[in-house]
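The task is simple: from the sequences and hints, build the whole structure.
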Amino acid sequence: AQSVTQLGSHVSVSEGALVLLRCNYSSSVPPYLFWYVQYPNQGLQLLLKYTTGATLVKGINGFEAEFKKSETSFHLTKPSAHMSDAAEYFCAVSVPLRGTYKYIFGTGTRLKVLA
Amino acid sequence: EAGVTQSPTHLIKTRGQQATLRCSPISGHTSVYWYQQALGLGLQFLLWYDEGEERNRGNFPPRFSGRQFPNYSSELNVNALELEDSALYLCASSSGLAGVDTQYFGPGTRLTVL
Chain A
1 AQSVTQLGSH VSVSEGALVL LRCNYSSSVP PYLFWYVQYP NQGLQLLLKY TTGATLVKGI
61 NGFEAEFKKS ETSFHLTKPS AHMSDAAEYF CAVSVPLRGT YKYIFGTGTR LKVLA
Chain B
1 EAGVTQSPTH LIKTRGQQAT LRCSPISGHT SVYWYQQALG LGLQFLLWYD EGEERNRGNF
61 PPRFSGRQFP NYSSELNVNA LELEDSALYL CASSSGLAGV DTQYFGPGTR LTVL
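If you read the sequences in order, they're chains A and B. By the count of the working numbering, the first sequence reaches residue 115 at its end, each step adding exactly one. By the count of the working numbering, the second sequence reaches residue 114 at its end, each step adding exactly one.
Since the hints were made in silico from the structure, they are not lab data. Careful: at least some of the hints might be erroneous.
A short list of chain B residues far from chain A (calculated; beta carbon distances all over 12 Å) [unchecked claim]:
#1 GLN6
#2 THR9
#3 LYS13
#4 ARG15
#5 SER27
#6 GLY28
#7 GLY58
#8 PHE64
#9 SER73
#10 GLU82
#11 GLY99
#12 ASP101
#13 THR102
Straight-line alpha carbon distances no greater than 25 Å define the calculated DMTMM-like cross-link-like pairs of lysine to aspartate or glutamate that follow [as the list claims (entries may be wrong)]:
#14 LYS102/A to GLU53/B
#15 LYS102/A to ASP85/A
#16 LYS102/A to ASP85/B
None of these values were measured; they are calculated from a predicted model. For each residue, glycine too, the CB sits at the ideal point set by N, CA and C.
What follows is the structure, encoded as structure tokens:
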């Protein structure tokens, strides 16, 4: 069965430090991979997505993620955290299923940025 | 360009009642998705509509139902409300059927069941 696992429901980093949010997936077929961010009292917005091609994907606000098929991972990184990055981050996969697609979201990682 | 809109913002119901939540997608988008975001559980996929048809359904009981109208707006109905239905309900829209499409989310409807 397909699944998405985000390691760490809460992550704290200091301002200026590296941000690393982990995402692993389980799928019998190659999935499409997404990272979304949710700021307080708002809906989700897309940070970046991997469909095909280059495995290192750059997104908005300086975030990037690398698809590693051998590790079934799609970790999100940012070299230097900013206070405005404090939010909840969701990893998601889209897998083909019986002629349509099934979307699965992880349980989210809440990022706290310390001054 | 207007984003995805949802109404109402907040909804308070008592156990056993019915709730109706509404969603208007971005102009030109034909697909509408519904998710339940309960505390600590992430986003749970509820329903996916495209061109007026239900394309996929998550692991929720039949008392969760919905429909999509000719103008692509959508309605989520929850019958016989239970306390555990209290959650943020998010609607998203996308431009097509392909699994690579970005989903654009609305701000959600906070449902509280007393």
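Hints and how they fare:
1. Distance check on GLN6/B: its Cβ comes as close as 8 Å (rounded) to a Cβ of chain A, failing to clear the 12 Å threshold; non-interface status is violated.
2. Remark: the non-interface label on THR9/B conflicts with the geometry, its nearest Cβ contact in chain A lying 10 Å away (cut-off 12 Å).
3. At the 12 Å boundary, the C-beta of LYS13/B stays outside the reach of chain A, the nearest C-beta of that chain being 21 Å off.
4. Against the 12 Å criterion, ARG15/B stays outside the reach of chain A, whose nearest CB is about 26 Å from its own CB.
5. Look at SER27/B: its CB is around 17 Å from the nearest CB on chain A, clear of 12 Å, so calling it non-interface holds up.
6. Every C-beta of chain A lies more than 12 Å from that of GLY28/B, the closest at about 17 Å, which supports listing it as non-interface.
7. The beta carbon of GLY58/B is not kept farther than 12 Å from every beta carbon of chain A, the shortest such distance being approximately 9 Å.
8. With a closest Cβ-Cβ approach of about 16 Å to chain A, PHE64/B is found to remain outside the 12 Å limit, as its non-interface label requires.
9. Non-interface status of SER73/B relative to chain A is upheld: no Cβ of that chain comes within 12 Å, the nearest being about 16 Å off.
10. Under the 12 Å C-beta cut-off, the non-interface status given to GLU82/B relative to chain A holds; the minimum distance is some 21 Å.
11. With a least beta-carbon separation of about 4 Å from chain A, GLY99/B fails to lie farther than 12 Å from that chain, contradicting its non-interface assignment.
12. Its beta-carbon lying about 8 Å from the closest one in chain A, ASP101/B breaks the requirement of being farther than 12 Å from that chain.
13. Not every C-beta of chain A lies more than 12 Å from that of THR102/B, the closest at about 5 Å, which undercuts listing it as non-interface.
14. Between LYS102/A and GLU53/B the CA atoms are separated by roughly 16 Å; this keeps the pair inside 25 Å, and the hint holds.
15. Only pairs whose Cα atoms come within 25 Å are accepted, and LYS102/A paired with ASP85/A is rejected, the gap being roughly 29 Å.
16. Distance check on the hinted pair: LYS102/A and ASP85/B sit about 22 Å apart at the alpha-carbon level, within 25 Å; holds.
This entry does not satisfy hints 1, 2, 7, 11, 12, 13, 15, going by the numbered hints stated previously.
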